[in-house]
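Make a model of the complete structure from these sequences and hints.
Going down the list, the protein sequences come from chains A and B. If you count the first sequence from 1, position 249 lands on 249 in this note's numbering, and the numbers rise without skipping. If you count the second sequence from 1, position 68 lands on 68 in this note's numbering, and the numbers rise without skipping.
A portion of the hints provided could be inaccurate.
Ranges between beta-carbon positions, derived for each pair [to be verified]:
no., chain 1, residue 1, chain 2, residue 2, range
1, A, Gly164, B, Glu62, 44 to 50 Å
2, B, Gln59, A, Ser23, 21 to 27 Å
3, B, Gly148, A, Gly164, 52 to 58 Å
4, B, Asp61, A, Glu142, 38 to 44 Å
5, B, Val159, A, Asp160, 34 to 40 Å
6, B, Asp93, A, Gly164, 53 to 59 Å
7, A, Leu141, B, Ala116, 32 to 38 Å
8, A, Val149, B, Glu94, 32 to 38 Å
9, B, Asn155, A, Glu27, 34 to 40 Å
10, B, Arg144, A, Asp162, 54 to 60 Å
11, A, Arg253, B, Thr153, 50 to 56 Å
12, B, Asp61, A, Thr196, 27 to 33 Å
13, B, Asn38, A, Thr196, 38 to 44 Å
Since the hints were derived computationally from the structure, they do not count as laboratory data. Where a beta carbon is used, it is the ideal one built from N, C-alpha and C, also for glycine.
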Amino acid sequence: MNNGQEMYHRHLSGALDARADGSEFDELAKWLREQQANADDFVVMAAIDRGLRDYLVGRSQVAPAPPVLQPAARIAPRVASTTTSLINLSVPNVRSAWVWGAVVAAAATVALAVWLPTIDRYASIVEVDNAHLFTGEEVALEPIPTGQVYRLSEGVLRCDFDCGAQVVVEGPAEFEVTGEKAIALRLGRMMVLCATKETHGFVVELPKGRVVDLGTEFGIEVAASGESLVFVTEGEVQFFSGEARPPSSFVLRADEAMRVSQRNEPVVADKQLRKRFKAVVRLLSTSGK
Amino acid sequence: MTALAIHQDKQTAMREFATRWTEAQSAVAAFIWSLVPNSHDADDLLQRTAQTLVDKLDQYDETQTFTAWAIGIAKIEVLRFRQERRRDRLVFDEPTIDAIEAATTRNEVDLRELQAVLKNCADKLTTRLQQLLQLHYVEEASPREIAGRLGITENAVFVSLHRARVAMRRCVENQWRESGGVHE
Numbered sequence: 001m002n003n004g005q006e007m008y009h010r011h012l013s014g015a016l017d018a019r020a021d022g023s024e025f026d027e028l029a030k031w032l033r034e035q036q037a038n039a040d041d042f043v044v045m046a047a048i049d050r051g052l053r054d055y056l057v058g059r060s061q062v063a064p065a066p067p068v069l070q071p072a073a074r075i076a077p078r079v080a081s082t083t084t085s086l087i088n089l090s091v092p093n094v095r096s097a098w099v100w101g102a103v104v105a106a107a108a109t110v111a112l113a114v115w116l117p118t119i120d121r122y123a124s125i126v127e128v129d130n131a132h133l134f135t136g137e138e139v140a141l142e143p144i145p146t147g148q149v150y151r152l153s154e155g156v157l158r159c160d161f162d163c164g165a166q167v168v169v170e171g172p173a174e175f176e177v178t179g180e181k182a183i184a185l186r187l188g189r190m191m192v193l194c195a196t197k198e199t200h201g202f203v204v205e206l207p208k209g210r211v212v213d214l215g216t217e218f219g220i221e222v223a224a225s226g227e228s229l230v231f232v233t234e235g236e237v238q239f240f241s242g243e244a245r246p247p248s249s250f251v252l253r254a255d256e257a258m259r260v261s262q263r264n265e266p267v268v269a270d271k272q273l274r275k276r277f278k279a280v281v282r283l284l285s286t287s288g289k
Numbered sequence: 001m002t003a004l005a006i007h008q009d010k011q012t013a014m015r016e017f018a019t020r021w022t023e024a025q026s027a028v029a030a031f032i033w034s035l036v037p038n039s040h041d042a043d044d045l046l047q048r049t050a051q052t053l054v055d056k057l058d059q060y061d062e063t064q065t066f067t068a069w070a071i072g073i074a075k076i077e078v079l080r081f082r083q084e085r086r087r088d089r090l091v092f093d094e095p096t097i098d099a100i101e102a103a104t105t106r107n108e109v110d111l112r113e114l115q116a117v118l119k120n121c122a123d124k125l126t127t128r129l130q131q132l133l134q135l136h137y138v139e140e141a142s143p144r145e146i147a148g149r150l151g152i153t154e155n156a157v158f159v160s161l162h163r164a165r166v167a168m169r170r171c172v173e174n175q176w177r178e179s180g181g182v183h184e
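Structure below.
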C-alpha cells in the first residue's frame, strides 16, 4: 500500500468512525473524485465495513459474544484459527527446530479442529416443488452449508433441521441457515414447524428483528422493504423488534398476526392471510406431522 | 380489465419487483452505506428507497438496468436526507456523490458477491480484533469504553479498527482472486 492509499484508508476509517475533521473529509472527497478506481475502492470498503457489522450483529443474536478479557486477566494469546495468532504464539525456552516443528504441527491440528466446525451443516433440503434459484438452476435435495445464501426465484422447498424443526420457503425468497437452530429470512415467505422439545428456541432472523419459537407453527413474510409480517397458527412465538427504539419484544399466540415496522400493528388473521400461506402450509403438511 | 385481472397484474408486477430488488439490494445498500455512516440512518434510507421504488414501479424505464434506476432513486433519498441534515458539515458534495453512484453501478457484481466471502474473512480475524469489533459494532461502545475494557489506549482502538478493515479488504480480494472471478 503506498503513502497515498495509506492516507486515504486512514481518512476513510476516520469517516466511518465519525471522527474525521472537516479537512480530512474534504481530502477524502477530493481523492474520490480524482480517479474512478478510488471511488470503486471506497464503495467496496464501505460495503465491507457495513457487512462486517451486520455479520457480527447477526452472529451475536444466535450465539454468545466472544468473552472480552479484562486488563487484569489478560494472558498470552490462545491458539486460534488465524495465522496471526500462530505467529504471536509465545513459547519460552524452546530452541530446538524439532520441538518448534512439533509445536507448529500441534497448533495447526488445533487450528484445523477449530476451523472445521465452521462448515457445519445443520439442515437439508428434503422436498422441492418447482424450486429454482435466480441462476436458473433447479434446487437440489442436499445438505445446506451454514452461511450459504439461497436466492430462490420461484417455487417452494422444505428443509428439515437436524434438531427436528421443519421450514418451508416460498420464492421469490432469500434465506440462509445461520446455526443449529437458526435461519435468516431476508425476503419471501416462510412457514416454520417446531413440534418437539428439542426445537424450542428456534430462531428466525429478520431484517429488522428476530422471532424465537416457544413451541409452535408460524409463518413469516418479509417484503423487499424489510417490513415483516409474523403469523402464528399454533402455540406461540416471541418477537424481538430491532426497529423500535429502544428495542422491544412481544409474544404472539395462535391466530395472532403482527405487521412489524416502525409502528408494530396487529393484523387480523383472516382467511385472506391464511390463503397467502397456502403453498407453504401444503408442503409442511406432507411431512406427516 | 376485470378487478381480478388487475389484481393478478399487480401481483405479477410485485413478484417481478421482488426478484429484481433481491438482485439490486446489495448495490443500493452499498451506495447508501458509502454516504451515510450511521447504520440506523442508512437502514432508514434503504427502507425509504425500497418504498419509493414500489411506489414508482410503473415509471421504471427498461432501457436502463433496474440496479442503476434503484441507485438513482437512492441518490434522491440521500440528497433529501443531506438537505435535512444540512447543518452536518461531514456530508459529501454532489460531484462526490455522483462519483460514488457511478462506482456502485460499476461494481454491482462484486458488491452482490461480497456477502458470500465476508463471513470467512471475519472468522479469520484474530480473537483480539474480533473482541474489539464486537464492542464497536454490536455493543456500540465508545472508543474510550473499548479502550478501558481492553486495557489499551483510545488511539490504539482507532488504529486496530483501521487494521481490521484493511485486513478484511485484503482477505476479500484474496478470496475473489482464488475464486478466479473478474474482480482483479
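Results of checking the hints against the structure:
The hint said 44 to 50 Å for the Cβ distance between glycine 164/A and glutamate 62/B, and at roughly 46 Å that hint holds. Distance hint check: the CB atoms of glutamine 59/B and serine 23/A are about 41 Å apart, inconsistent with the given range 21 to 27 Å. Here the CB-CB span from glycine 148/B to glycine 164/A is close to 44 Å, at odds with the stated 52 to 58 Å. Remark: the range hint 38 to 44 Å for aspartate 61/B to glutamate 142/A is upheld by a beta-carbon distance near 40 Å.
About 47 Å separates the C-beta atoms of valine 159/B and aspartate 160/A, a value inconsistent with the hinted range of 34 to 40 Å. Taken as a hint, the range 53 to 59 Å holds for the pair aspartate 93/B and glycine 164/A, whose Cβ atoms sit roughly 56 Å apart. The given range of 32 to 38 Å is broken by leucine 141/A and alanine 116/B, whose C-beta atoms sit roughly 22 Å from each other. Remark: the range hint 32 to 38 Å for valine 149/A to glutamate 94/B is upheld by a beta-carbon distance near 34 Å.
Taken as a hint, the range 34 to 40 Å is violated for the pair asparagine 155/B and glutamate 27/A, whose Cβ atoms sit roughly 20 Å apart. The given range of 54 to 60 Å is broken by arginine 144/B and aspartate 162/A, whose C-beta atoms sit roughly 44 Å from each other. Between arginine 253/A and threonine 153/B the Cβ separation comes to about 52 Å, which falls inside the hinted range of 50 to 56 Å. Here the CB-CB span from aspartate 61/B to threonine 196/A is close to 52 Å, at odds with the stated 27 to 33 Å.
At roughly 43 Å, the beta carbons of asparagine 38/B and threonine 196/A sit within the given window of 38 to 44 Å.
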